[in-house]
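> Starting from the given sequences, assemble the full structure and let the hints guide the process.
So you can see what is in the structure, the chains are spelled out below.
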Amino acid sequence: MMQDGQREEALGKTYDIALLRRLWRYVRPYRGQFLLAVICLPLTSAFLLAQPYILKLAVDNYIAHNDAAGLTKAGLMFVGALVGEFIFFYLQYQATMTVAQHSLSDLRVDLFNHLQALPASFFDRNPVGRLVTRLTTDVDAINEAFTAGTLTIFMDVLTLVGIVVIMLTIDVKLTLTTLALLPPLLVAMNFFRVRSRDTYRAIRERLARINAFLQETLSGIAVVQLFAQEKKLFAEFDERNREFRDANHLSNIYEATLFSLVEAVGSISIALMLWYGAVQIGTGVVALGTLVAFVEYLQKFFVPIREFGTKYTTMQSAITAVERVFQLLDTPVTIASPSLTREPEQVRGHIVFDHVWFAYKGDEWILRDVSFTLEPGQKVALVGATGAGKSTISKLLNRFADVQHGRILIDGVDVRDWDLRTLRRQIGIVLQDVFLFAGDVATNITLGRSDITQADLERAASYVNANRFISQLPRGYQEPIRERGSNLSGGQRQLLSFARALAYNPTILVLDEATSSVDPETELLIQDAMNKLMAGRTTIVIAHRFSTIQHADCIIVLHKGQVREIGTHQELIERQGIYWRLYQLQYGTPSLSVGSQFAEVGD
Amino acid sequence: MHRLWGYIVYYRARYMRGILCLIVSATLAMSIPLLLKWTIEAIQHQRPFREVMWHVVAIIGIACVQGVVRSFSRFMIFNVGRDIEYQLRNDLFAHLQKLSLGYYQRQAIGDLMSRLVNDVTAVRLLLGLGILNLLNTPLYYIYAGSAMVMMDPQLTLAALATYPLMFLFVKRMSRQMMEKTLKVQEGLADLSTRVQESVSGMHVVRAYVREDWQAAEFGRRNDTFREESMSLARVRGLFPPLMKAVSGLGLLVVLWYGGSHVIAGRLSLGDLVAFMGYLHLLAWPTMALGWLISIVQRGKAALKRLESIFQTQPEIVDGQGDGLARQIHGEIHFQDVDFGYRAHVNGHLVLRDINLTIPAGTTVAVVGRMGSGKSTLVQLLPRLFDVQNGTITIDGQDIRTCSLAALRHWVGFVPQDPFLFSTRIKENIAFSLPAVDMERVRWAARVAHLDQDIADFPRGYDTVVGERGITLSGGQKQRMTLARALLADPPILVLDDALSSVDAQTERQILRGLREATHEKTVVVISHRIAAVRDADMIVVLDEGRIVETGTHTQLVERGGIYAEIFQQQALEEELAEL
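Protein sequence lines correspond, in order, to chains B and C. Numbered per numbering that gives the first Met the number 0, the first sequence spans residues 0 to 602. Numbered per numbering that gives the first Met the number 0, the second sequence spans residues 0 to 578.
Since the hints were made in silico from the structure, they are not lab data. Among the hints, a few may not be true.
[Stated by the list, open to error] With the Cβ distance kept under 7 Å, some of the chain B side facing chain C (calculated, not the full set):
#1 F77
#2 Y89
#3 F121
#4 H248
#5 I252
#6 A255
#7 A270
#8 V291
[What the hints assert, rightly or not] No more than 25 Å apart at the CA atoms, straight line, and that leaves these computed lysine-lysine pairs for DSS-like:
#9 K310(B) with K243(C)
#10 K97(C) with K231(B)
#11 K360(B) with K394(B)
#12 K243(C) with K299(B)
#13 K231(B) with K179(C)
#14 K425(C) with K230(B)
#15 K310(B) with K179(C)
#16 K476(C) with K520(C)
#17 K72(B) with K243(C)
#18 K231(B) with K476(C)
#19 K97(C) with K182(C)
#20 K303(C) with K179(C)
#21 K230(B) with K97(C)
#22 K476(C) with K360(B)
#23 K72(B) with K360(B)
Each residue gets a CB set at the ideal place from its N, CA and C atoms; glycine is no exception.
Right, here's the structure in full:
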């Protein structure tokens, strides 16, 4: 843990300046407010520092001389100082918060947009939870630094220096006597700072351990109960819980000691001052008002000192958070539109895979030397076992990933030369696992596109047979989708995704046929909808149903990343190869009519 | 509140010690302004230097003692708060472990987590900071108030006039702040959900080029969050300057009004300084009193929510039957069993009229289409759910009359969804043992055809599940859960389509190996692949919650019913996959 701490500190020092400069880019648009805050800081301090001095004046110049009018003047000055401190502090705080909230909000937007541009492979490596943490918890840690500190640390330093300077101006020797305990106090505080930073870190780690344990155990409660291991798990939980408590006990002791220490030193300093003052007043050098002012200054002196430890810790975690956030922003976007885009004059849907090789890593080829051509409007069925590379074909087509060798042409233009957005607009993808967003049915069809009217929407939905179930929902198109679409059946989700694809009217369609079984009636609706959807579009179907395969213009049999056979149903039958054998099987079982499938049947 | 009293009473001795320290500390603290007053008066009246010296020494002495006593009072009371927090968390966890699966299907884990984290914290604040200030503030007021009144009653009233204001103000503001803080937290949670959804649905967003839409949706929530944060900042920012202003006003009154009293000769300068000292001492406790109100309110609300967890009774509880000692043979009998989930309000039954006898030591396969009720049927065996009508017996004993621990030692259940803990592989497999026994772990891994996979991991059995870089495939996870169940050595083993992600050939090999390794066990296996279970002693076919066919593979294929149909379909699938 100590090592970590040192590493963290070393990292912090090296990158601090660079990080601040980057952070400044977010602050820059709000530099007016920032400037305001910076100006308000010394002013707040000044008004704060004036108050004890006014007390001194009041005591020495007016009360001591029985000057009631003068006392009133001093009183008014005091009011002025209070009001001034109030106003400038508030202005400073508001300005700081405005800068912080706005620049951090901009930072979050940048992070979000960057996430959207990152390649799919990035998301395979980084769990969703971690990314969410970057955008929320980490940015919030930076916010915390603004709220609880940064600028006020400068103000604290200003105040401390100011107090010492004023005290010195009033009386050098008195000041030195009064602050005699400061050096040992600072040493003691540094001791506690290191200790409490470590315990604080331990507390955070142990709390995270408790929470992770709870999350996991509650998620797997069935396993715990099935193996009757409640006692064992309880013992493990108790251990974590106890560790957390012990760290907190320690931290409480440190904090209580530090708190009391600072208070005690404050009182002792006043005593020392009185002792010295008593000697001097006897000789007439120090006035009583000075003592009063010093008491007040001391009160103000020890407040920021007490709070410094907490602020320091907050700053530390903010710096770590900034680092992590920028690291995410620095992740390169590997798939983007080229600077010079090229597009065909007319998009017709002609697709060529030209000796395509693809691997996610190294030379573990998912596709080897895949070549085929699709004429506009042609329907092709991809057939092959799991892992044959069927779904990779669709990923390469719309550049979720780029090929290693060879090229893919759409209407004669390499997909890597297309403008990325234009390219993806040509291709509609319907996956078997339908993803639904929070929102209503309509939003899930239009995906928030406002140029799709309600009429378009309903036309699309009824064309693909989705209208019927949607209109039966209590609120129709406005029916909210529950988490992960749990209020819709699998078949309904399929139909919804067909409506979505149709509403976008793509030239090219990639359809990953669902393997899960639905009731026969819905099955018919889906078959019908698929046929309508494919009409007039170049379509690649990752097929699981024989009926779909038989109706395709062309069948591509993929095996272990290679194209083994291409042809129409008739051609492949005549060729008596792999497909022919499949067909033989199919022919021998009359029960496999429309509606049945040869994928899994099971729960 | 009742539960809370239990904890407080339990720790009463330590609370009392802390409170004693608190009283001593407050008494000492309050004597310091008085000593200040005497010192200044001594200086003013040019008393002998020795007298001043004594006062100074007294202040130093008291400050030191008070520092020590005060730190004791603080951490003693705060530590009791932490102790109770620990106890409360343990009690909650123990209770949650008892609740049945049905509860967890209704309750989102995220909500539970937030209770366990936030509500427990709120209760702890109430018990630590809350109790400290609840006692500290009145103490300070009694001491300081009486000292001030003795010096100058009028000035006391005037100087403290602003303090009720401060109290009311803090009370109001802290309530507002709590509300706004809650809103900001919700906003942050909303942002999290949004990002989570966007990342999960990224493929759709990209395929349809809807990044702008997502950005706009995110931007909208981001803006709301920013505005809520700003609104919180506006209240929060008022706090420190207003506090200073209010205590400053008290000081002003002392200066002005008190000053005029000094001029009039009714008050000494020493009194004036002492007044200022007392005002300083009262500022923080007054502020804390304002906070206290919301701490108490929040703590009470949190306690109520926690209490509702404690009040939830487990639906499935121990029967008054045999303990672990009894050896069983493993004969299972279903008698007129009906079952429906509670969520299906319309009384839809998932299983109807199930009558089935599974002789001890046999392997029985349950097959059927999706939604036919196979999983539900086997989930009734370890009492993950209880039957609605009818009875299930093991060796003739109704399973509802056994203790849950005993029943679950008898029935080893391997679920379809492989759940593993993020511990080492060996610890996952040896989950049912108090300590890892490598010999048995290796045996179980071998039977589950997992030993080869584990050997390929750089750290073998010490590999931590879910650690970065090592991702287990679905099939590996499933085989690991099988190994875990095997190691527990139950007389009855239930596989709820537990090898669905394993390839067909391996599944078949595992099931074959299982028969040798478990020849005396009763095995109930569900598989979506019929070929894998064709060797079973008996095959039960379910359709729409009823048993429609039973028999051996050969009998059922000959019969030409549902089983034969599914079998044919799957034969095709397998052939296609092998081409």
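> Work down the list of hints and note, for each, if the structure agrees.
Hint check results:
no.: 1; hint: F77; in the structure: holds (5 Å)
no.: 2; hint: Y89; in the structure: holds (5 Å)
no.: 3; hint: F121; in the structure: violated (10 Å)
no.: 4; hint: H248; in the structure: holds (5 Å)
no.: 5; hint: I252; in the structure: holds (5 Å)
no.: 6; hint: A255; in the structure: holds (4 Å)
no.: 7; hint: A270; in the structure: holds (4 Å)
no.: 8; hint: V291; in the structure: holds (6 Å)
no.: 9; hint: K310(B) with K243(C); in the structure: holds (20 Å)
no.: 10; hint: K97(C) with K231(B); in the structure: holds (14 Å)
no.: 11; hint: K360(B) with K394(B); in the structure: holds (15 Å)
no.: 12; hint: K243(C) with K299(B); in the structure: holds (11 Å)
no.: 13; hint: K231(B) with K179(C); in the structure: violated (41 Å)
no.: 14; hint: K425(C) with K230(B); in the structure: holds (19 Å)
no.: 15; hint: K310(B) with K179(C); in the structure: holds (23 Å)
no.: 16; hint: K476(C) with K520(C); in the structure: holds (23 Å)
no.: 17; hint: K72(B) with K243(C); in the structure: holds (21 Å)
no.: 18; hint: K231(B) with K476(C); in the structure: holds (22 Å)
no.: 19; hint: K97(C) with K182(C); in the structure: violated (33 Å)
no.: 20; hint: K303(C) with K179(C); in the structure: holds (21 Å)
no.: 21; hint: K230(B) with K97(C); in the structure: holds (11 Å)
no.: 22; hint: K476(C) with K360(B); in the structure: holds (23 Å)
no.: 23; hint: K72(B) with K360(B); in the structure: violated (81 Å)
Hints 3, 13, 19, 23, counting from the list given before, are not met by this structure.
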